[in-house]
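2 protein chains.
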Amino acid sequence: MSQVKLSQRSYDIQASPIRKLTPYADEAKKRGIKIYHLNIGQPDIETPGVFWEAIRKYGEKTLKYGPSNGIPQYLESLKRYYNKFGFNVNTEDIFVTTAGSEAIIFSFLAVMETGEEIIIPEPYYTNYNGFATMAGVKIIPLTTYIEEGFKLPTIDKFEEKITSKTRAILLCNPGNPTGTVYTEEELTRVVELANKYNLFLIADEVYREFIYDGMKHTSIMEFPGIEERAIIVDSISKRFSACGARVGCIVSKNKELMEAIMKYGQARLCPPTLEQIGAVALHNLGDDYFKAIYNEYKLRRDTLYEGLTSISDVIVHKPQGAFYMVAKLPVKDTEEFAIWLLKDFNIDGESVMFAPLDGFYGTPGLGKNEVRLAYILNCEDIKKSVHILREGLESYRTVNLNTTL
Amino acid sequence: MSQVKLSQRSYDIQASPIRKLTPYADEAKKRGIKIYHLNIGQPDIETPGVFWEAIRKYGEKTLKYGPSNGIPQYLESLKRYYNKFGFNVNTEDIFVTTAGSEAIIFSFLAVMETGEEIIIPEPYYTNYNGFATMAGVKIIPLTTYIEEGFKLPTIDKFEEKITSKTRAILLCNPGNPTGTVYTEEELTRVVELANKYNLFLIADEVYREFIYDGMKHTSIMEFPGIEERAIIVDSISKRFSACGARVGCIVSKNKELMEAIMKYGQARLCPPTLEQIGAVALHNLGDDYFKAIYNEYKLRRDTLYEGLTSISDVIVHKPQGAFYMVAKLPVKDTEEFAIWLLKDFNIDGESVMFAPLDGFYGTPGLGKNEVRLAYILNCEDIKKSVHILREGLESYRTVNLNTTL
Chain A
1 MSQVKLSQRS
11 YDIQASPIRK
21 LTPYADEAKK
31 RGIKIYHLNI
41 GQPDIETPGV
51 FWEAIRKYGE
61 KTLKYGPSNG
71 IPQYLESLKR
81 YYNKFGFNVN
91 TEDIFVTTAG
101 SEAIIFSFLA
111 VMETGEEIII
121 PEPYYTNYNG
131 FATMAGVKII
141 PLTTYIEEGF
151 KLPTIDKFEE
161 KITSKTRAIL
171 LCNPGNPTGT
181 VYTEEELTRV
191 VELANKYNLF
201 LIADEVYREF
211 IYDGMKHTSI
221 MEFPGIEERA
231 IIVDSISKRF
241 SACGARVGCI
251 VSKNKELMEA
261 IMKYGQARLC
271 PPTLEQIGAV
281 ALHNLGDDYF
291 KAIYNEYKLR
301 RDTLYEGLTS
311 ISDVIVHKPQ
321 GAFYMVAKLP
331 VKDTEEFAIW
341 LLKDFNIDGE
351 SVMFAPLDGF
361 YGTPGLGKNE
371 VRLAYILNCE
381 DIKKSVHILR
391 EGLESYRTVN
401 LNTTL
Chain B
1 MSQVKLSQRS
11 YDIQASPIRK
21 LTPYADEAKK
31 RGIKIYHLNI
41 GQPDIETPGV
51 FWEAIRKYGE
61 KTLKYGPSNG
71 IPQYLESLKR
81 YYNKFGFNVN
91 TEDIFVTTAG
101 SEAIIFSFLA
111 VMETGEEIII
121 PEPYYTNYNG
131 FATMAGVKII
141 PLTTYIEEGF
151 KLPTIDKFEE
161 KITSKTRAIL
171 LCNPGNPTGT
181 VYTEEELTRV
191 VELANKYNLF
201 LIADEVYREF
211 IYDGMKHTSI
221 MEFPGIEERA
231 IIVDSISKRF
241 SACGARVGCI
251 VSKNKELMEA
261 IMKYGQARLC
271 PPTLEQIGAV
281 ALHNLGDDYF
291 KAIYNEYKLR
301 RDTLYEGLTS
311 ISDVIVHKPQ
321 GAFYMVAKLP
331 VKDTEEFAIW
341 LLKDFNIDGE
351 SVMFAPLDGF
361 YGTPGLGKNE
371 VRLAYILNCE
381 DIKKSVHILR
391 EGLESYRTVN
401 LNTTL
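Residue numbers (our numbering), protein chains in the order written: chain A, 1 to 405; chain B, 1 to 405.
Everything labelled a hint here was simulated from the structure, so no lab data went into it. Some hints could be false.
It does not matter which identical chain is used: a pair holds within one copy or between any two.
Simulated pairs of lysine-lysine, DSBU-like, Cα-Cα distance not exceeding 30 Å [unchecked claim]:
#, residue 1, residue 2
1, K30, K255
2, K61, K79
3, K161, K318
4, K20, K79
Generate coordinates for the entire structure from the input sequences, incorporating the hints supplied.
Put into structure tokens, the structure is as follows:
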């Protein structure tokens, strides 16, 4: 009997760089080590109580299929939420998805055929790779650099990547993992490019509210003349600290696109109902909620930034948005260093975990000495994490002379 | 500025035949007409109270990302559930998905490359078409017939469909839409075929508990020697009347396959947590729950069957499982008839909705005069639905002589 063989894509699909070190962390925990998880964008902030209350009060006796595009009251909430930012959208321009993940997969399927291409500035959210594999499409990475604050490349750099197969550009703004916020001027150039080359422009704006230093978030939905091309993929996970809720959405004024999304969505029937009930309550919270979490995250960012910049030979990009920070460490391979921290190092029974950045690049070989740190823990824990990282680096460079720079 | 174009698959993907008549039903409801929905497998049975209680008691303050493969306590529940049926599975052989839909998509992606083929007896659950489009794979339909009780075709009929691109066979058992339960002998033949041609065997067994007339459900997991090939896709939606929960799973003893599924699953991070908490409680209900719903569904089946067989010129297959019934009506096009029932017919302000069956066939032209009726309403409503159908058919045949047979 021959061995049955999986599809090639099952071998090709990237294992999550954010989660693949988890077995080492689990092993450390078994040995009684406490791990500070800066590797994953899972905030420690409580999901607002109104979310839990709304779900507890849900009175239906049968948990029925919901509408494929989301329950009407949540679509209304989303409409009000986007209108607040000046987006001229109605409920029919919104499709509720099972988290931002499904929003991205559906968008990829809708705008690209198998083998077609999407340009994404790198480093980019690593799970885009998995979604591209699932949709059978190709990500064309366009490198941005820590030394330049991960700013968008000039238009000629984009144009170098455009082929007959290019169908879309994806921008994550504010950026994961970079924390970079694109200016209106940068975005204008990309909008013009999309118009010129007849491309879709997909914007991952799940960190819309996480903007620091008085910067303003500019959405692609604010540009006139881009209505047919603009697709927003969104999620409540980060905004309301509800990562396990699995509620996201697609927003677009392109009617034909939304009809296609409806067909993909009908195949999988509906997104989860209860969490949409909770999300309605979350969207009623208003701006006070965001002000409170804004202050907390800004403090965390500053604490992590000050800590990291005080470590010698570490290069850090100060992010203007989201809750991630990229740092270049004086080691050859940050994955090896990450594993060493989990396996062979601790201070008073504590160690730290981050995400090696090479998995966030599409270009092989890049990011080997970079890491992503999520500032999703309180400042006390961030300070301890920085301390462990500082001491760990020193120790690692002493014992592993050949693997450090 | 040129018009931006969607992917070809966005035009090709089938609109849900179960949901596409919904606008007509909505329109009828606006006119004050009550519609009996036999078109969709949405039971009116209450989701057991333990589900709601478990979710209300959930004490975490932050709804965090869960493990990609499901929360540990639910994996344990599923293991016990499958062990009860004699499946030799452990928690690592189970992967929790966002409903059965995701279980099927992941399975398609894992075993087939773009353009490869899966053989599915038709009529089959229509949403397989959407999942195949998303995965870029091709469903090769193998026709079964109402006159033969939709029994599995002989092996030579399967062999006629096998090409160099065939990678898998999918069986839905008990069948949706047919309600047919495959015997151990029928399944043995397919298992031998899968071994002979080195194919995966995917079994959609979400209706496992819905078996009538003293028949026994045989799972592909019970066959020795099929461990590397067998994949079960499952869901709590029908079993526990929790369609809006979006909790399903994949079960397989193939380690390499489960590693691939983990990678697809990590890309989308995790299935919803709260409903898994509820599902743990559901799996603790035990057999009494199933006995009660069994009796109710059997009564509904018998009521619908007796009703339909009493209408002249209607051919009905008496299902041994699930909660669907296929009937051949004396009209040329059941979709037109369905629309007519919603637009132009009612009895005392009530009408009925079913799913035209042509969308459940992969072979064009088949099923035009067949329908699927879901017996998910109480017997009183089923009797009223049959009455409306009987009178409606008579009326339709009188006013639309050219469209009836």
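The hints, checked one at a time:
Proximity of K30 and K255 under a CA criterion of 30 Å is satisfied inter-copy only: 25 Å between copies versus 53 Å inside one chain copy. For a Cα distance limit of 30 Å, the shortest separation of K61 from K79 qualifies both inside one copy, at 28 Å, and across copies, at 27 Å. Taking the shortest alpha-carbon separations for K161 and K318, only the intra-copy value of 28 Å comes in at or below 30 Å, while the best inter-copy value is 60 Å. Taking identical chains as interchangeable, the C-alpha atoms of K20 and K79 lie at most 30 Å apart only when they sit on different chains, with a minimum of 25 Å there against 37 Å within one chain.
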